[in-house]
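**Student:** The lines below spell out each chain.
There are 2 protein chains.
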Amino acid sequence: MGGGIGSRFWPFSRESYPKQFLDFFGTGRSLLQQTFDRFNKIIPTENIYIVSNEKYASLIKQQLPELGENQILMEPTRRNTAPCIAYAAYHIYACNPDANIVVAPSDHLILKEEQFLQDVSQALEFVKNNKALVTLGIKPSRPETGYGYIQSSDRMIGEFTKVKTFTEKPNLELAKVFYESGEFFWNSGLFVWNIATILDAFHKFLPDITTRFDLGKDKFNTDGEQAFIHENFPYCPNISIDYGVMEKADNVYMLCVDFGWADLGTWGSLYDLAQKEESGNAPLKNKVLFYESGNNIVALEDPEKLAVIQGLDDYIVAESGNVLLICKKADEQRIKQYVADVQLKFGKEYN
Amino acid sequence: MGGGIGSRFWPFSRESYPKQFLDFFGTGRSLLQQTFDRFNKIIPTENIYIVSNEKYASLIKQQLPELGENQILMEPTRRNTAPCIAYAAYHIYACNPDANIVVAPSDHLILKEEQFLQDVSQALEFVKNNKALVTLGIKPSRPETGYGYIQSSDRMIGEFTKVKTFTEKPNLELAKVFYESGEFFWNSGLFVWNIATILDAFHKFLPDITTRFDLGKDKFNTDGEQAFIHENFPYCPNISIDYGVMEKADNVYMLCVDFGWADLGTWGSLYDLAQKEESGNAPLKNKVLFYESGNNIVALEDPEKLAVIQGLDDYIVAESGNVLLICKKADEQRIKQYVADVQLKFGKEYN
Numbered sequence: 008m009g010g011g012i013g014s015r016f017w018p019f020s021r022e023s024y025p026k027q028f029l030d031f032f033g034t035g036r037s038l039l040q041q042t043f044d045r046f047n048k049i050i051p052t053e054n055i056y057i058v059s060n061e062k063y064a065s066l067i068k069q070q071l072p073e074l075g076e077n078q079i080l081m082e083p084t085r086r087n088t089a090p091c092i093a094y095a096a097y098h099i100y101a102c103n104p105d106a107n108i109v110v111a112p113s114d115h116l117i118l119k120e121e122q123f124l125q126d127v128s129q130a131l132e133f134v135k136n137n138k139a140l141v142t143l144g145i146k147p148s149r150p151e152t153g154y155g156y157i158q159s160s161d162r163m164i165g166e167f168t169k170v171k172t173f174t175e176k177p178n179l180e181l182a183k184v185f186y187e188s189g190e191f192f193w194n195s196g197l198f199v200w201n202i203a204t205i206l207d208a209f210h211k212f213l214p215d216i217t218t219r220f221d222l223g224k225d226k227f228n229t230d231g232e233q234a235f236i237h238e239n240f241p242y243c244p245n246i247s248i249d250y251g252v253m254e255k256a257d258n259v260y261m262l263c264v265d266f267g268w269a270d271l272g273t274w275g276s277l278y279d280l281a282q283k284e285e286s287g288n289a290p291l292k293n294k295v296l297f298y299e300s301g302n303n304i305v306a307l308e309d310p311e312k313l314a315v316i317q318g319l320d321d322y323i324v325a326e327s328g329n330v331l332l333i334c335k336k337a338d339e340q341r342i343k344q345y346v347a348d349v350q351l352k353f354g355k356e357y358n
Numbered sequence: 008m009g010g011g012i013g014s015r016f017w018p019f020s021r022e023s024y025p026k027q028f029l030d031f032f033g034t035g036r037s038l039l040q041q042t043f044d045r046f047n048k049i050i051p052t053e054n055i056y057i058v059s060n061e062k063y064a065s066l067i068k069q070q071l072p073e074l075g076e077n078q079i080l081m082e083p084t085r086r087n088t089a090p091c092i093a094y095a096a097y098h099i100y101a102c103n104p105d106a107n108i109v110v111a112p113s114d115h116l117i118l119k120e121e122q123f124l125q126d127v128s129q130a131l132e133f134v135k136n137n138k139a140l141v142t143l144g145i146k147p148s149r150p151e152t153g154y155g156y157i158q159s160s161d162r163m164i165g166e167f168t169k170v171k172t173f174t175e176k177p178n179l180e181l182a183k184v185f186y187e188s189g190e191f192f193w194n195s196g197l198f199v200w201n202i203a204t205i206l207d208a209f210h211k212f213l214p215d216i217t218t219r220f221d222l223g224k225d226k227f228n229t230d231g232e233q234a235f236i237h238e239n240f241p242y243c244p245n246i247s248i249d250y251g252v253m254e255k256a257d258n259v260y261m262l263c264v265d266f267g268w269a270d271l272g273t274w275g276s277l278y279d280l281a282q283k284e285e286s287g288n289a290p291l292k293n294k295v296l297f298y299e300s301g302n303n304i305v306a307l308e309d310p311e312k313l314a315v316i317q318g319l320d321d322y323i324v325a326e327s328g329n330v331l332l333i334c335k336k337a338d339e340q341r342i343k344q345y346v347a348d349v350q351l352k353f354g355k356e357y358n
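For the record, the sequence lines run as chains C and Y.
For the first sequence, counting from 1, position 30 maps to 37 in our numbering; every step adds exactly one.
For the second sequence, counting from 1, position 244 maps to 251 in our numbering; every step adds exactly one.
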């Protein structure tokens, strides 16, 4: 899945160039490319599909030239993860009605790749033999309030735990309870299932989508697919797979994993992961002289640019293209509003 | 005089491109060009000389192509204003031993040009007939601590007051006394005198300079000037005209003027002059959205660049070339130190 805007990462992530296409850590590969590289070690290139907004098609082709034209599934409008995953499921079903599928966001960081690949392989093996919707639950390392949590039960099939509930992002107090209980795991948004299992679930819980898609069932993986999707996709409800399917289904299982995962969702999450100086400052890839300053994250697009920062604590200083952003780390959830305000006041060229 | 580095205006003002060559207000003309334009209304082009460090010669030629080669007087090393003014005086004497001279910094802002030209003309007329060293004293509009002051006496020749003393920059308490007394005026660094009068004063108070320059008297305004200056100028003492001559001479007169003058010496002085929003923020030439922020000055080199600033009060945010500076306005006197630290740590390319 690579269709998000990543507006909480503005001004680095722009609607015209979202975060999944960016190389945040200066490794030479964007988050999307890293995600592809990672899976490509266990999944053949021709079995990897990217679902994204059609306006990012050329960016994806540019970053992943090894993909065939029919491996980029283009959404004509922005919906949420449920329609995105349904579209891919129908397409893959037309290619192979026995497929086992991993669904993954394209903007996550995974530090222990070996462990990750092992866990994914194990889950793929599991769903081949069990009509289960599998989610990878991350063992929490701190009482994080930025992620949703999954509560495990004591019913197991092998190493797979039946899920009791999905929860929204908790407040700090609740997050501490979750963390200490040992029963709760971070919801990574990484799913594994057999094609038949997920299509059953869509039919049961999101008939608005399946009724439409079933009418064009013979169009998927043909020349008629794009026109069909263009006409019908916009009618799909704007709903996440968690809310639309996972929270309702009674065959959801979790594999508890620990492969150095992080959702690079916000500047704060990037700060948490970044290398920090003794002062707690994280100059992402620039030379920065700090005076009386601590716990800032500084990211300037041009790695040759130097910053001198005095008298700032707990700020984001981010510069990219035609925008400089300076705001308190604690207020980063307001960045989306800033982007909207800027667009209203100065037009779309800053989005 | 256009040889300063203006390091208190870093990163806009660089050693390689000091502030006098910059167009701070987006008018289309640099401070140097504005100074030239202003004087050119009453002084013919061929009578205007720029004294500057030799490394800025090509910048000056570029910005003022109307000047002849021999109108740019190049200092081989950085001294202070006394050697600079002495050099120009010897050169001008060789061109015209009866000249009346206005000495002006090239980085000042003057808002009431008509009044300025009238005052300068009046002073030129005065020094033609009086062996006086004239300084233009600015009627203070506030108890400013950033300028030196000149104390007037009650001895007058026409509208010209004999000067009692020159003072260093006062603290706020003293500045208030100065301001309320009506006796003290800002030292603008604008001087007017006849060539004979200033050369007499140099001989009297700075024989270190004149002894040397007199040896090469016949070299000035000839092909031999540059070589002579190259050899001898470095031996001049590093001393200001105020300290070296004006404070010692007993023929110093002041014309009290009021032509909307400001020394663009620091970010703070620029802030004081800039147009401000209701919040007290001064976005110099950029689009800036401020949230919970007040009394900041924001200057980004690219006028198309937009900034979003949240939770900042009384800061300088300045970006130019390969440097971004964020620091408290109250600590701007430390900028010189930052520049030195950056050079020490990261090399000269950021100066």
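Be a bit skeptical, because a hint or two may be false.
Given that identical chains are not distinguished, each listed pair holds provided it fits within a single copy or across any two copies.
To be verified - Subject to a maximum C-alpha distance of 20 Å in a straight line, what follows is the list of computed PhoX-like cross-link-like pairs (lysine-lysine): (1) LYS171 <-> LYS255; (2) LYS335 <-> LYS138; (3) LYS138 <-> LYS169; (4) LYS48 <-> LYS119.
None of these hints come from the bench; they were simulated from the model.
**Student:** For the identical chains here, do LYS171 and LYS255 meet the 20 Å Cα criterion within one copy, between copies, both, or neither?
**Tutor:** So LYS171 and LYS255 pass the 20 Å test inside one copy only (11 Å; across, 91 Å).
**Student:** Checking an output row: LYS335 and LYS138, CA cutoff 20 Å. Within, between, both or neither?
**Tutor:** Classified as neither: same-chain Cα gap 47 Å, cross-chain 62 Å, threshold 20 Å.
**Student:** From the Cα coordinates, with 20 Å as the cut-off, is the pair LYS138 and LYS169 best called within, between, both, or neither?
**Tutor:** Cα proximity of LYS138 and LYS169: one copy only (12 Å, versus 101 Å across).
**Student:** When no copy is specified for LYS48 and LYS119, does a C-alpha distance of 20 Å or less occur within a copy, between copies, both, or neither?
**Tutor:** Within one copy, since 14 Å is at most 20 Å while 73 Å is not.
In summary, the structure is inconsistent with hint 2 from the numbered list given earlier, while agreeing with all the others.
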